[in-house]
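Listed in order, the protein sequences are those of chains A and B. In case it helps, the working numbering puts the first sequence at residues 1 to 252. In case it helps, the working numbering puts the second sequence at residues 1 to 313.
Hint data in this document are derived by calculation from the structure and do not stem from the laboratory. Check before you lean on any hint, since a few could be wrong.
Unchecked claim - Stretch-level coverage of chain B by chain A, calculated; a stretch enters the list once three of its residues show a Cβ under 8 Å from a Cβ in chain A:
1) 45 to 59
2) 67 to 78
3) 85 to 94
Here a beta-carbon is modelled for each residue, glycine too, at the ideal position from N, C-alpha and C.
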Amino acid sequence: MIGIFPLLKKELMEQLRTYKLLIVGVIFLFFGITTPLTLKYLPEIIELAGGSGFEIAIPPPTGVQSLQEYAGTVGQIGVLLAVLMAMGSIANERKNGTAVITLSKPVSRAAFVNAKIIGTTLTFLASLFAASLFCYGYTVWLIGDADLLAFIGNNLLIALFLIFCLAITLLFSSVFRSSLAAGGISLGLLIGQAGLSAIPRIGDFFPGKLLSWGNSLLMGESNNYWAALIITVISIITCLYFSQRFLSHRDI
Amino acid sequence: MTAIRTENLSKYYGPIKALDNLNLEVPDNVVFGFLGPNGAGKTTTVKLLTGFSQPTHGRAEVAGETVGESNLKLQSKIGLLPDVPAFYEWMTGRDFLRFIGEIYQLPAADIKKRSDELLELVDLEKAGSRRIGGYSRGMRQRLGIIQALMNNPRVLFMDEPTSALDPIGRREVLELIAHLKESATIFMSTHILSDVERVCDMVGVIDKGRLITVSTVVELRKKYTRSVFEIEFIENSKPFLETLKKIHWLAEPAIVVESGTPVLRVRALDVDRARKELPKLIALSGLTLTRYEMGAPSLEEIFMEIVSNGDKR
Numbered sequence: 001m002i003g004i005f006p007l008l009k010k011e012l013m014e015q016l017r018t019y020k021l022l023i024v025g026v027i028f029l030f031f032g033i034t035t036p037l038t039l040k041y042l043p044e045i046i047e048l049a050g051g052s053g054f055e056i057a058i059p060p061p062t063g064v065q066s067l068q069e070y071a072g073t074v075g076q077i078g079v080l081l082a083v084l085m086a087m088g089s090i091a092n093e094r095k096n097g098t099a100v101i102t103l104s105k106p107v108s109r110a111a112f113v114n115a116k117i118i119g120t121t122l123t124f125l126a127s128l129f130a131a132s133l134f135c136y137g138y139t140v141w142l143i144g145d146a147d148l149l150a151f152i153g154n155n156l157l158i159a160l161f162l163i164f165c166l167a168i169t170l171l172f173s174s175v176f177r178s179s180l181a182a183g184g185i186s187l188g189l190l191i192g193q194a195g196l197s198a199i200p201r202i203g204d205f206f207p208g209k210l211l212s213w214g215n216s217l218l219m220g221e222s223n224n225y226w227a228a229l230i231i232t233v234i235s236i237i238t239c240l241y242f243s244q245r246f247l248s249h250r251d252i
Numbered sequence: 001m002t003a004i005r006t007e008n009l010s011k012y013y014g015p016i017k018a019l020d021n022l023n024l025e026v027p028d029n030v031v032f033g034f035l036g037p038n039g040a041g042k043t044t045t046v047k048l049l050t051g052f053s054q055p056t057h058g059r060a061e062v063a064g065e066t067v068g069e070s071n072l073k074l075q076s077k078i079g080l081l082p083d084v085p086a087f088y089e090w091m092t093g094r095d096f097l098r099f100i101g102e103i104y105q106l107p108a109a110d111i112k113k114r115s116d117e118l119l120e121l122v123d124l125e126k127a128g129s130r131r132i133g134g135y136s137r138g139m140r141q142r143l144g145i146i147q148a149l150m151n152n153p154r155v156l157f158m159d160e161p162t163s164a165l166d167p168i169g170r171r172e173v174l175e176l177i178a179h180l181k182e183s184a185t186i187f188m189s190t191h192i193l194s195d196v197e198r199v200c201d202m203v204g205v206i207d208k209g210r211l212i213t214v215s216t217v218v219e220l221r222k223k224y225t226r227s228v229f230e231i232e233f234i235e236n237s238k239p240f241l242e243t244l245k246k247i248h249w250l251a252e253p254a255i256v257v258e259s260g261t262p263v264l265r266v267r268a269l270d271v272d273r274a275r276k277e278l279p280k281l282i283a284l285s286g287l288t289l290t291r292y293e294m295g296a297p298s299l300e301e302i303f304m305e306i307v308s309n310g311d312k313r
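If we strip away everything but chain A, and leave its shape as in the complex, we get:
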């Protein structure tokens, strides 16, 4: 992968200077902080709002409930953010011509694609780490204890699933010159696989099952989906491989 380091440095600078890191970080942090806060203070919030005239009995929240809600939200928002972040990363470079200047230098197509996924992944990991840290801290402080190891495992599975979302979007970003087309098709496929992952047995092989696995960890259940994990890793590698092959064979 000749040229990976300057390309990665450029990607990281881009994440910072174009506020991508800030935007993803702030969105993740928002959910990391507000989820335990909302759960804890929901009865007070309803009361302050004047109530509805009916008495609603809200059971006291648990630590597991807080972490589960956070994981569910980050999983959904993360998919959208991953598609939005990656859909133009190659397509726009091809469309506006920056790819021509960069690829006219001695850098391999593999380095070009991998620098992009590594740069974007680091943004997501940093944001996820910060948000999860706040979420866990507030949960333990305000609501009650929760299994840290299970939460770490859950986050790792979410991270892997988001990398899969980035990889699939990058693949279509290298196929199409239109970022909208890349984003639309990627989102369609991701929604499709989420639907398929809900089907018993067959669904155990889809990357979407990683989120269910993460949820099971938080609940202390022993369900695991190793097949989905292996298929996700293989899918990521396959997407990156074909992404650089598309770039090599198509007119830039």
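Following the hints, put chain B in place on chain A, whose structure we already have.
Frame of chain A; chain B shown alone:
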């Protein structure tokens, strides 16, 4: 040494022949002007020669390297200025040159030195610290030129290098190109004929994907020198016109009025003979000669003639 060599290089998009059997040899250290109207195949050729497009058939060698999919050795020996150079808008000019220098694995000190030299060369020293997003089109063009020079390329491809520049910028870039040929071969695609006349040593004319002619600018002028002679006298030239009508190696003698002045124009069927004999005939006529000129076409006229004929001469 040959800097660029192509053998039957072709690129078809379905039934459309964007480039058809290009056979070309460009020697080292020349400025090669690749001329053609819009859509002739110039940019396709540049893309093929720089590895950004794969040929339908045929092959090409640039700087001793076979052009092909991801040939990084080739990329390290060439420079490319695309027709519309695009940059990462959030970078400054210096950031961009540093990025390019790092790709070429130059030491940091060398990158700084080279960047300073190049920015000065194109008068962007002050703007170098500003974001590229705020650059004018001319500034982008100049940055595009120097990013292509960062590695001291052996072959430099420039696609319409002066199209976005004002007259002063154009003059400076052409001077730069003329200077660069000491160390590099420059393949310059353009449709601006005055640029070609000014800096190019060799010219290739392409139209509808086919190379029509390759020549030096001097040879091209010689080859396409018109066989038309223009003669002006103080006196009435009608009697002399009658004389010329009887001469078999001349054709179409006529008096035309140019800017109010009658000019006797005649086409030579045998140019060499006309060059020798016509002055003698003028002397024998007894008329007072004020102008005697052999039509020297501009490159634009030659270009139009080549493209409209579409034949190899």
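Original post:
What hints, given by number in increasing order, does this structure fail?
Top reply: Of the numbered hints, all hold.
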